[in-house]
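Chemist: Here is how the chains run, residue by residue.
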Amino acid sequence: MQTVAKLIDTSLCIGCKACEVACQEWNDQEFTLGTFGGTYQTMPQLEHNFWNLIKFNEFETDGQMSWLMMKYQCMHCQDAGCMKACPSPGAIVRLPNGTVDFNHDNCIGCGYCITGCPFDVPRLSPETKKVYKCTLCSDRTAVGLEPACIKTCPTNCLTFGTRTDLLRKAEDRAHELQADGLQHAGVYNPAGVGGTNVIYVLKDASAPESYGLPRDPTIPWTVSLWKGPVKVLGSMVFLGGILGTFFHYIRYGPKKEEEHADED
Amino acid sequence: MTTDLSRRGFLAGGGTAAVTTFGFNLEAATAVAKELKIARTTQTHSVCPYCAVGCSVVIHTLGDKARNVKPAVVHIEGDPESPINRGTLCSKGASLKEFVNSDLRLTRPKYRAPGAADWKEISWEEAFEKMARRMKETRDAGFEEKDSQGRTVNRLANLAMIGGCTDTNEVNYLLGKFRFGLGVLGYENQARL
Numbered sequence: 004m005q006t007v008a009k010l011i012d013t014s015l016c017i018g019c020k021a022c023e024v025a026c027q028e029w030n031d032q033e034f035t036l037g038t039f040g041g042t043y044q045t046m047p048q049l050e051h052n053f054w055n056l057i058k059f060n061e062f063e064t065d066g067q068m069s070w071l072m073m074k075y076q077c078m079h080c081q082d083a084g085c086m087k088a089c090p091s092p093g094a095i096v097r098l099p100n101g102t103v104d105f106n107h108d109n110c111i112g113c114g115y116c117i118t119g120c121p122f123d124v125p126r127l128s129p130e131t132k133k134v135y136k137c138t139l140c141s142d143r144t145a146v147g148l149e150p151a152c153i154k155t156c157p158t159n160c161l162t163f164g165t166r167t168d169l170l171r172k173a174e175d176r177a178h179e180l181q182a183d184g185l186q187h188a189g190v191y192n193p194a195g196v197g198g199t200n201v202i203y204v205l206k207d208a209s210a211p212e213s214y215g216l217p218r219d220p221t222i223p224w225t226v227s228l229w230k231g232p233v234k235v236l237g238s239m240v241f242l243g244g245i246l247g248t249f250f251h252y253i254r255y256g257p258k259k260e261e262e263h264a265d266e267d
Numbered sequence: 002m003t004t005d006l007s008r009r010g011f012l013a014g015g016g017t018a019a020v021t022t023f024g025f026n027l028e029a030a031t032a033v034a035k036e037l038k039i040a041r042t043t044q045t046h047s048v049c050p051y052c053a054v055g056c057s058v059v060i061h062t063l064g065d066k067a068r069n070v071k072p073a074v075v076h077i078e079g080d081p082e083s084p085i086n087r088g089t090l091c092s093k094g095a096s097l098k099e100f101v102n103s104d105l106r107l108t109r110p111k112y113r114a115p116g117a118a119d120w121k122e123i124s125w126e127e128a129f130e131k132m133a134r135r136m137k138e139t140r141d142a143g144f145e146e147k148d149s150q151g152r153t154v155n156r157l158a159n160l161a162m163i164g165g166c167t168d169t170n171e172v173n174y175l176l177g178k179f180r181f182g183l184g185v186l187g188y189e190n191q192a193r194l
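Going down the list, the sequences are from chains F and R.
Residues 4 to 267 (our numbering) make up the first sequence, in order.
Residues 2 to 194 (our numbering) make up the second sequence, in order.
One or more of the hints may lead you astray.
What the hints assert, rightly or not - Below 30 Å or equal to it, Euclidean Cα-Cα: the simulated BS3-like pairs (lysine-lysine) are:
| id | chain 1 | residue 1 | chain 2 | residue 2 |
| --- | --- | --- | --- | --- |
| 1 | F | Lys132 | R | Lys131 |
| 2 | R | Lys131 | R | Lys93 |
| 3 | F | Lys58 | R | Lys93 |
| 4 | F | Lys132 | R | Lys71 |
| 5 | R | Lys178 | F | Lys58 |
| 6 | F | Lys230 | R | Lys178 |
| 7 | R | Lys93 | R | Lys38 |
| 8 | R | Lys71 | R | Lys38 |
| 9 | R | Lys178 | F | Lys133 |
What the hints contain is simulated information worked out from the structure, not anything from laboratory work.
Note that the structure is predicted; figures quoted are calculated from it, not measured.
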């Protein structure tokens, strides 16, 4: 099965927040009022029951304020930090279409995925003590429907399709924007996490930070160390213990408990 | 020191644990698929009631129309067959499910008598009766057959009509007929962005 992806053309986003509402409606999330941060943004950050946030990044050029709209949600990384950090087998799974999905029956609520995520996306629910994030509407994509946010977008800023198609489309659009005078327009598909299944076309790809995106996201070294060398080492120690016990048994035989009883 | 776990049992247990740790990848077996919540719904096509654009929507209702079941609207999304919105909706349109299921939604006519402080729920019969009576009285009082220079005008300036953005062509045609029949001049529409 081909990997599916989401393309976000930030140059077409008008900040209408239809995707936010569609996400809440489809996933039957109850809206809890957050704090007002003095901008047009719905709330300052993602929440365990709010998986898709349009960031209204205010940006000043030549004394003129403009917005850099950024749809902020799970990036569905090809090399997912959350998945790498998760200690509970089957809690974070990669579906055949490349989507990173959470299976809450297996989630133990340890929150390691929050540490492992380079984009700071997963959120722990205080009620259920489990972690939630965008599922790329895995229930919709499984039957060939587009995710709810993509369907609702009135400006065609969001597109759903196979990753290969969308990468090509993103490059084309970036060239189009460059030809229109936005010299720094480009595609955001960071290599540090093996590329993402949520691809951005940025008006200014030379400064992804101004959109609130990390320039070169990587999985934290602690997670890589712990799930890499330390895990192998630990497994070797574990295996060594079993082998040691086995060879001890072969060499010295079973423990003679009768003799101890006599000594006491 | 005594333990219930025998040496043999411990070795067997350790062996199993080692095989699970080193031998198998359980990833594929744990991939999950959730059920689509609109898989068994009835689809009804309608028009978004908010602005003048008039986007079409599909209302997904759950319930098999059995006598003892009250169907519930579980989801509303854009109608891809509409040439106006082609499946898309804005943030207001996308929230229509809340609008339909809201406790605050008016489903019965209400009447506040002159001088009264509170609204009283009345039947549709009563509402139509009251409206017809008032329209008749207003028209009788203000209908002009001829203007000051004696020209036939057949106009009614003390009554106005307001239309809605979700009205279809057919409804608007009938509203027009009704308006011209009464001689109403004032004509407006609530359709605003």
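Chemist: Which of the listed hints are broken here?
Modeler: 1, 2, 4, 5, 6 and 9
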